[in-house]
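These protein sequences, in sequence, are chains A and B. Quick note: the first sequence uses numbering that gives the first Met the number 0, first residue 0, plus one each step. Quick note: the second sequence uses numbering that gives the first Met the number 0, first residue 0, plus one each step.
It is worth saying that the hints were derived from the structure and are not from the lab. Hints may be right or wrong, so weigh each one.
[Said to hold, decoys possible] Label-pair restraints from in silico Cβ distances:
1. A:V6 <-> B:D127: 32 to 40 Å
2. A:L217 <-> B:E93: 29 to 37 Å
3. A:G30 <-> B:R192: 38 to 46 Å
4. B:G324 <-> A:N101: 54 to 62 Å
5. B:R120 <-> A:V69: 37 to 45 Å
6. B:R120 <-> A:T219: 53 to 61 Å
7. B:R235 <-> A:R13: 42 to 50 Å
8. A:L149 <-> B:Q137: 48 to 56 Å
9. A:S203 <-> B:K144: 48 to 56 Å
10. B:R192 <-> A:N101: 28 to 36 Å
11. B:V379 <-> A:G30: 33 to 41 Å
12. B:D193 <-> A:P271: 30 to 38 Å
13. A:P271 <-> B:A47: 23 to 31 Å
Values in this document were obtained by computation on a predicted structure and should not be read as measured data. A virtual CB, placed ideally from N, CA and C, is assigned to each residue, including glycine.
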Amino acid sequence: MRIAGEVSDVVASRELLGNLVQRDLRSRYRGTVLGWLWSLINPLATTLIFTVVFSVIMKVQPTTGADGLVSYPLFLLCALLPWNFFSTVVQGGQSILLNNANLIKKTYFPRRLLLLAHVGSSFVTFLIEMAVLLVIFAFFGVNTLPWIPLLLVFMVLVALFGLGIALALSVWNVYFRDVAHFVALFMQIWFYATPIIYPITLVSSVEGGSSWASGLPLTTLYELNPLVSFFEPIRDMLYGGTFPEWHMIGLAVLATAVSLLLGNLAFRRLEPRLAEEL
Amino acid sequence: MDDAMLVEDVSKRFRIYHERNQSLKSAVMRRGRAQFEEFWALRDVDLAIPHGKTFGLVGHNGSGKSTLLKCLARILVPDSGRITSQGRISALLELGAGFHAELSGRDNVYLNGSILGLSRRDIDARFDDIVSFAGLEQFIDSPVKNYSSGMYVRLGFSVAINVEPDILLVDEVLAVGDEEFQRRSLEKFQQFRDDGRTVVVVSHALGTMQTMCDEVAWLDHGRILGVGDPEDIIGRYAGAVGTSEPEAPDGGSCEARVTSVVVSGEHGAATTVSGEATRFRVEWSADEDVRDVEHTLTIRTLDGVTLAVASSGGTGARTLKRGDGAVELVVPRLPLVAGTYVVDATLNRPADGHVVHRADHVAEFVVHPAADSDGSVGLVALGGTWVSTGR
């Protein structure tokens, strides 16, 4: 199996992976005054904006959470933080080979490491953000500690799902620079097509309503959106305080496996000519 | 297997795009097919690079030698054939490739070291050596973006050379830094060879290649033309360059031409012995009478360093009569050390600087070491004697 060789290549270079992750982390906020605080300020600012627009002005009703908790910012953050992470993995990952062209043309190491390092360094930020979120939940009197193991599993699944997509996009982007623009557009659509700023229950209420979209099988379409199977369980656990639905867990694992396999396949096919195409 | 690297039947094809399909519009317009031509950068290359030897690759630009080196480094993947190697490979293709400008020299040493395959513990052990070799003790904690370009490549070189790989691949990066640094670099290479490590080097500096390498392969248009003794191969390569591909076309108004330059020592043509009498016979041919011209001979090394320029001007410019003729430059004791040298000849009018004919690389000659050679190296044989003068 070629994949075994590919995995062992990466494992053999784990120290380099560690150094590449450190490089990303150290250089990310170099030269800024606030430094690491930026990784907290950004999501908080987005939360504030979305809360004002969607909760205060447009009156989106969040679902009722554990112990009768109703808080739009908390409801939002449960899906917004994973989305931000996923979006960073995909959008940053697709240009990672172009940004490191010189490294690829002049040195040899398993090229996958560049993507893994990108995912790894973004994951560190994601971990910090989620930890802060758990602290905020604690302030609201919600004990999320029992969910931490399963939460970590889902966070890793999101990371691997994003990695698969980024693997494919990064090599395609070397051959077709249009990919970056398509992806930027597509990610915007995907953001609104995923129940992040609104509860999924709003979608099923459209189905029974009288708008032009009511004839569409919206709920089914939603369940085909793989991101739902990652974000809904996270929100169920933290905000709702309930165990995620089993079929969601199954879908998440399936989506991750498919994404990784296809992404790796695309990468494997185009990797050998990278040094000359860049 | 006593070969450090074995190249079997390797071919590599490159695409030259006329217009890249990097935007969707152009892809659709051409129905997805990018217009490109393919050419073979390497064709059926077989090569065995022995353990513990310094192996050189020579060839003109575009001959495929750098492509071969990149294939050996696994940066490029051959389209067919197989490359097997034993031991850790480190490639010096561009010094400081992979340095991150925002990070400190220290962080970059660790990053670069791990790209070259060292573990953190290995780097810890070598860190002081690396920094002191580069001479950057004071600056190691400042970001490399504040380094001068010299400091940058010195650090890059120092990391790569201290990796102590089993096989080192080098591409034209030996001439780095000031003289002091170059001297230490060459010492390090020497130590490398003494340790029994394998070096594969690509360079245009033929003189250096001749002294450094144990074995040389000559590539031309992606094929191997010869492998073997450096003196033999480099001599043949330099000869081929001189005859079939002059570095610069002959110039001048050409009413008279230098047809050949024959170098002869006391024992025959085209060779001479260091410190012995040597004659340079310049044969010319004129279509008409050409007045007030002087002959100039330039002697240089294979890598183009000018050693001597001898003009007949000092003895008065003279007129060339229509027809053929010859002049001779007689050197009583040739002050060159053993090696291969190149002659350029010029016919020009000193009064207004007009060039009648310039023939670059018109001849080549080999200087053999003198029988009583004191083993002088360098370029010039001083021919002196050592005398004890007491205290």
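Going through the hints against the structure:
1. Under the hint 32 to 40 Å, the C-beta atoms of A:V6 and B:D127, about 36 Å apart, fit the expected range.
2. At roughly 55 Å, the beta carbons of A:L217 and B:E93 sit outside the given window of 29 to 37 Å.
3. One distance hint, 38 to 46 Å for the beta-carbon pair A:G30 and B:R192, holds here, with the actual separation near 44 Å.
4. Checking the proposed 54 to 62 Å range against B:G324 and A:N101 shows it holds: the Cβ atoms sit about 58 Å from each other.
5. Our hint of 37 to 45 Å for B:R120 and A:V69 is violated, since their Cβ atoms are close to 54 Å apart.
6. For B:R120 paired with A:T219, a C-beta distance near 55 Å keeps the hint of 53 to 61 Å intact.
7. Hint check: B:R235 to A:R13, Cβ distance near 48 Å, so the stated range 42 to 50 Å holds.
8. For A:L149 paired with B:Q137, a C-beta distance near 52 Å keeps the hint of 48 to 56 Å intact.
9. The hinted window of 48 to 56 Å between A:S203 and B:K144 holds, with their beta carbons roughly 55 Å apart.
10. Checked against the given bound of 28 to 36 Å, the beta carbons of B:R192 and A:N101, roughly 30 Å apart, stay inside it.
11. Taking the beta carbon of each, B:V379 and A:G30 are about 53 Å apart, not inside 33 to 41 Å as hinted.
12. Range check, B:D193 to A:P271: about 37 Å between beta-carbon atoms, so the 30 to 38 Å window is met.
13. Checked against the given bound of 23 to 31 Å, the beta carbons of A:P271 and B:A47, roughly 24 Å apart, stay inside it.
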